[in-house]
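Keeping their order, the protein sequence lines are chains A and B. Each residue of the first sequence is one higher than the one before, starting from 1 at the first, in the UniProt record's numbering. Each residue of the second sequence is one higher than the one before, starting from 1 at the first, in the UniProt record's numbering.
Simulated from the structure, these hints should not be mistaken for lab results. Since this is a predicted model, take the numbers as computed values, not measurements.
With a Cα cut of at most 27 Å, we get these calculated DSSO-like pairs of lysine-lysine: (1) A:Lys214 <-> B:Lys11; (2) A:Lys207 <-> B:Lys11; (3) A:Lys326 <-> A:Lys214; (4) A:Lys325 <-> A:Lys214; (5) B:Lys101 <-> A:Lys326; (6) A:Lys325 <-> A:Lys207; (7) A:Lys18 <-> B:Lys184; (8) A:Lys207 <-> A:Lys326; (9) A:Lys24 <-> B:Lys184; (10) B:Lys184 <-> B:Lys101; (11) B:Lys250 <-> B:Lys229; (12) A:Lys24 <-> B:Lys101; (13) B:Lys101 <-> A:Lys325.
Derived Cβ-Cβ restraints for the label pairs, each shown as a range: (14) A:Pro104 <-> B:Ile273: 28 to 38 Å; (15) B:Ile273 <-> A:Pro118: 18 to 28 Å; (16) A:Val167 <-> B:Phe50: 47 to 57 Å.
Don't be surprised by glycine CBs; every beta carbon is placed ideally from N, CA and C.
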Amino acid sequence: MAVESNAIDAAGPYDRAKALSAFKLGDVTFYWITRLSAISVLLILGGIILSLIVGAFPAMKEYGFAFLWTQRWAPSADPPVLGALGPMYGTLVTSFIAMLIAIPVGLGIAIFLTELCPQWLRRPIGMAVELLAGIPSIIYGMWGFFVLGPFLANTFQPFMIKIFDGVPVLGAVFAGPPSYLSLFNAALILAIMVLPFITSISVDVFKTVPPVLKEAAYGVGCTTWEVVRSVVIPYTRVGIIGGVMLALGRALGETMAVTFIIGNSFRISSSIFAPGTTISAAIASEFAESDGLHQSGLILLGLLLFVLTFFVLAAARLMLLRLEKKAGR
Amino acid sequence: MNPIYVRRRRKDIVVRGLCFGAAAVGVTWLALILLTLLYNGIAGLNLDLFVADTPPPGSTEGGLRNAIVGSLIMTVIGVGIGAPLGLFAGTYLAEYGRNDKLTSVIRFINDILLSAPSIIIGLFIYGAVVVPMRGFSAIAGSLALAVIVIPVVLRTTEDMLLLVPNALREAASALGLPRSLVIKRIAYRAARSGLITGVLLATARVAGETAPLLFTALSNQFFSLGLNKTMANLPVTINNFVQSPYAYWKQLAWSGALLITLTVLALNIGARILGAERTAK
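Let the sequences and hints guide you as you build the complete structure.
In structure tokens, the structure reads:
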């Protein structure tokens with residue numbers, strides 16, 4: 001009280017007490033701001049799950065578990081018939097083929113970067129691969145549609161179709177006609193998109209291998225490949241699997257790039273050169289013009305995708321955590 | 001020479017060659033994508049692109065002004081909401097809750113949100129904002145982007161603050177500085193370039209996001225600044241134009257795509273240079 005008017009008191013004990021209480025208030029406020037912000041992450045997760053369940057409820061009630069194994073998708077029928085089998089099949093097949101391509105190439109780049117590459121090249125190549133991760137997914141979609149699609153349809157697909165024509169199982173997998181829009185094209189684009197994730201995590205975990213182990217192996221005369229196969233990869237296996245799962249989580253949910261080149265067909269075809277659809281592509285291309293049960297069905301598809309990616313990503317994180325503990329951090 | 005040795009050596013050379021090939025594939029692919037964008041987009045890069053609005057179907061003049069402005073507005077609002085939240089949350093994890101059970105739960109959930117499909121975020125905002133507001137709006141689009149920004153900023157903030165040596169904090173505390181000021185004046189300052197890196201990376205991530213805007217902000221053919229209505233934005237405009245039959249629209253889409261990619265790559269490279277400076281110190 002007196003402090004405000006009296007200049008001499010200003011430096012006295014009153015001021016100190018006031019300053020301290022101001023500090024204390026600031027401290028408490030800041031603590032709670034940060035704590036509430038941190039809790040907001042949990043609220044977002046809760047919000048996502050809740051809004052998906054609420055939105056999907058009408059479709060769940062209408063279709064029940066049959067939704068999972070119905071192939072027909074006829075939103076304009078009366079009443080609409082909706083089934084998730086087509087999009088689920090497309091999601092799993094494209095992601096599987098993408099991982100089949102991306103794992104060896106991604107690991108190859110990681111081995112190149114950690115074991116073979118001269119020091120001065122390491123940063124530029126590492127950066128180029130990581131920039132691949134930065135390119136927006138719609139750009140991949142356009143590139144896939146205008147460049148990769150025509151190339152595959154005109155050269156690669158006819159070639160494969162001719163080779164495997166008449167072979168019992170593979171003949172059906174690689175059956176014609178060639179098309180710009182196909183599961184295989186989407187998978188190839190996905191492979192390029194997830195490549196940087198596999199590479200950067202593998203490089204990170206390769207660096208956790210104690211140099212002594214590698215030096216010992218080189219010391220007894222191992223070649224680079226033998227060191228990688230028998231020392232580096234066994235030591236980092238959990239981490240590599242974690243990185244692969246992380247990439248798989250990305251591939252399962254990738255939307256725009258896939259929407260451009262998959263053809264949005266809900267029919268399941270045995271050929272990987274036929275058009276198909278994925279969960280995310282179905283939502284992206286139909287949601288804005290949907291209503292009622294159709295919209296609810298699309299949200300239910302979204303819920304399925306979220307549950308699927310949640311488990312894949314959670315498994316990935318747990319594996320990476322295990323490796324971190326092993327590295328002693 | 002010993003045949004076993006020759007075989008091992010040959011195998012090694014083959015694998016080395018394959019690894020080299022894999023690296024070449026990665027670099028070539030980036031180059032191919034950039035070249036395609038330049039080849040198709042460079043013709044449309046002129047002043048009109050920035051000062052004229054999107055043309056009606058069939059017209060052969062116009063630009064992307066409304067889409068560029070809309071994207072800027074939504075990105076700024078999205079980062080403006082998401083970055084502080086992520087920053088504070090990351091601060092809690094790194095400074096207050098280091099040995100907290102809550103911290104490990106939040107870190108785990110955050111890592112999952114970091115890689116969650118962005119279309120799911122779009123569905124969430126559709127249910128949480130668009131439906132109650134009875135209409136698509138720019139603010140819904142911004143919120144969707146904010147939800148994507150939070151995990152990115154949180155993660156880098158936590159990582160960067162954990163790199164700040166504890167001795168700095170102890171010295172400040174010993175001088176009698178209260179905890180919040182230790183964080184704000186000491187830890188934030190020591191980690192500043194790292195924190196900026198996080199925000200730049202998050203901005204780069206949302207600048208090209210399309211999926212969550214498809215049914216939150218929708219898009220719009222006209223210039224508008226109202227946050228409670230649909231707003232034109234680059235990614236969705238590109239998405240609509242590139243699939244149209246009109247040559248001029250396609251040209252605009254490619255130029256827009258080039259613009260977005262250059263922006264995103266510049267942000268990424270900037271962030272990396274800032275980050276590298278930090279670790280080099």
